[in-house]
Amino acid sequence: MKAICTVIFTLISFTGLTQTLPDSSKTLNEIIIKGIRKQRDISRMDSVKGTFIYSGKKNEVIDLNTHDAAVTEKYGRQIFAKIPGVFVYDMDGTGNQINISARGLDPHRGWEFNIRKDGILTNSDMYGYPASHYNIPLEAVDRIELVRGTGSLQYGGQFGGMLNYVSKEPDSARAFTFESINTAGSYGLLSTFNSISGTKGKFKYYAWFNNKDIQGYRKNSDSRYDAQNISLFYQLHSNLLIKAEWTRSNFTIHLAGPLTDAMFRADPRSSTRSRNYYNPEINVPSVSLDWKAGGKTQLRLTTSAILGARNSVLFDKPTTTQDLIDPLTKEYANRQVDIDHFNSYTSELRLLHSYSLFNLTSNLAAGIQYLNNDLHRQQLGKGTTGSDYDLSLVTPGWGRDMHFKTGNVAFFAENRWSLLPELSINTGIRVELGETRMTGIINNYPDNAIPNSIKHQFPLFGVNAQYNLIKDINMYAGWSQAYRPVIFKDIIPTSVYEIADKKLKDAEGYNLEAGVRGD
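Those letters in the sequence shown? Residues 497 to 1015, by my numbering.
Because the hints were derived from the structure by calculation, they are not lab data.
Be aware that a few hints might be false.
[What the hints assert, rightly or not] Just the calculated beta-carbon pair ranges, DEER-fashion:
no.: 1; residue 1: S682; residue 2: S770; range: 32 to 38 Å
no.: 2; residue 1: F674; residue 2: I579; range: 30 to 36 Å
no.: 3; residue 1: I821; residue 2: T756; range: 35 to 41 Å
no.: 4; residue 1: N830; residue 2: I579; range: 42 to 48 Å
no.: 5; residue 1: E526; residue 2: E675; range: 20 to 26 Å
no.: 6; residue 1: D986; residue 2: L803; range: 21 to 27 Å
no.: 7; residue 1: N830; residue 2: D586; range: 48 to 54 Å
no.: 8; residue 1: A671; residue 2: I937; range: 23 to 29 Å
no.: 9; residue 1: K792; residue 2: E1004; range: 53 to 59 Å
no.: 10; residue 1: W913; residue 2: I726; range: 37 to 43 Å
[Claimed, not checked] DSBU-like mimics (lysine-lysine), calculated; alpha carbons at most 35 Å apart, straight line:
no.: 11; residue 1: K901; residue 2: K967
no.: 12; residue 1: K545; residue 2: K698
no.: 13; residue 1: K878; residue 2: K999
no.: 14; residue 1: K739; residue 2: K664
no.: 15; residue 1: K700; residue 2: K664
no.: 16; residue 1: K739; residue 2: K813
no.: 17; residue 1: K998; residue 2: K967
no.: 18; residue 1: K878; residue 2: K739
no.: 19; residue 1: K739; residue 2: K901
no.: 20; residue 1: K522; residue 2: K545
Since the structure is predicted, the reported quantities are computational estimates derived from the model, not experimental observations.
Cβ atoms here follow ideal geometry from the backbone N, Cα and C, with glycine treated the same way.
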């Protein structure tokens, strides 16, 4: 720009001089300035990082510090706009829930992905209700790591892959730093995100809280959101780091109800429900230990839990059924109350060892994962006739009161064989051993027809390859088996005329991918 201004000024000056000094005029050649803007908000994972092997797998990293998106509003379509093959839909328009999938899978609350925060599992119950109800504010996120399905041997058998939200790091140069991000927007949006962090000797910390209110585009679509986080780090030794964390998210949204096509054409901002509410409150405590046991071996041990509930109170009728006051009782109809109680516990030990083979560095990733979950589902409760968010029951008891308990252990190992400086091949296996047991009561349903047991016994295999054409461009290909557990709703009879098949088994399949990537 400075060069262009200089040229323009020079041309103007010479133009003026030609009026008095015609012999001193000079014609200047044009100047062309070229520039290349390199896209830096999307990158790739390193071949080996932490205790994971990513070589030969399709993956993307979204840098939120440079990404052009409305972070506070958290619209998934903007966040993942540059990632091919990803499907996102905004369920309610509030940004309180990212609904994402890949390769044609169901995006409902991301339940086809193994979703993590800093490597800690956040899916509410991988076997009963694998949705991720935990909702982290993107103001606290440094980057998002997305690994497609062929990486499933290392983190879990999900077809979609893994989605990992990596938090910002504590300030390493100061003992105390304060950050505040405040946003106001259309339709009553008010948000405040505040964080503190710092480092003092061997101790580091990062804490934040976020409050967000929005009235919503449609009538009766307001929501209130709050979330908190405390992360404490202690460097016991130069090679040993301990981290303790508690994080929580909670939001209550007013559900405006569905519209028919005719209703939408008449008024897309209209509402068919004014008394429907949805509220997930999730706590995720965790402790992790990272140990560099020598220059070639790393160990990571994590223990975490998902504790909380998914609550809803609804006038649950077809769209064409109006929710009106009964002229006889002078009251609305009773609403239906449903509550899922999550008690999910995960422990995972991972190891990465690097060794020399054919004068090249190869890597072995191995570990064990144990899950113990109890999903307590209470449904068809008779709620109040009121209009506010109220989970009270006017008649004690539930139409369904059931437990879905799972115990599962998984062993996994994957080796990256460096055959040439440009060529590596991965071979891996994951063995899943576990069982899910359903018990409980359903009104007007035979008690002996309800108990069900599903065994999860899978050897899963996979192979990946990567060839580096030049420094910044490589080819990759992979094949990996995966499975999807039978979830709770698949085996709950919805009426006395239905029977859950006792022989229903988990879905099995595989992921296959190949491509060329680079800059």
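Is 20 to 26 Å a correct range for the gap between the Cβ atoms of E526 and E675?
-> For E675 against E526, whose Cβ atoms are near 47 Å apart, the range 20 to 26 Å is violated.
Between F674 and I579, does the beta-carbon spacing fit 30 to 36 Å?
-> Holds: the Cβ-Cβ distance is about 33 Å, inside 30 to 36 Å.
Agreement of K739 and K664 with the hint, judged by alpha carbon distance not exceeding 35 Å | holds (14 Å)
Quickly compare the C-alpha distance for K739 and K813 to 35 Å and report which way the hint goes.
-> violated (47 Å)
Quickly compare the C-alpha distance for K700 and K664 to 35 Å and report which way the hint goes.
-> holds (13 Å)
Go ahead and decide if the range 37 to 43 Å is satisfied by the Cβ distance of W913 to I726.
-> 42 Å Cβ-Cβ, so the 37 to 43 Å window holds.
Satisfaction of the hinted span 53 to 59 Å by the C-beta atoms belonging to K792 and E1004 = violated (36 Å)
CB-CB spacing for I579 and N830 relative to the 42 to 48 Å hint = Between N830 and I579, where Cβ atoms are some 44 Å apart, the hint holds.
Given the hint that K901 pairs with K967, does the C-alpha gap stay at or below 35 Å?
-> Not OK: K901 and K967 at ~49 Å, beyond 35 Å, violated.
When you check the alpha-carbon spacing of K739 and K901, does it fall within 35 Å?
-> Measuring from Cα to Cα gives roughly 29 Å; hence the hint holds.
Lying within 48 to 54 Å: is that true of the beta-carbon distance N830 to D586?
-> violated (31 Å)
Assess, step by step, whether the Cα of K522 is no farther than 35 Å from the Cα of K545, and give holds or violated.
-> violated (61 Å)
When the structure is compared with the earlier hints, violations turn up for hints 1, 3, 5, 7, 8, 9, 11, 16, 17, 18 and 20 and for no others.
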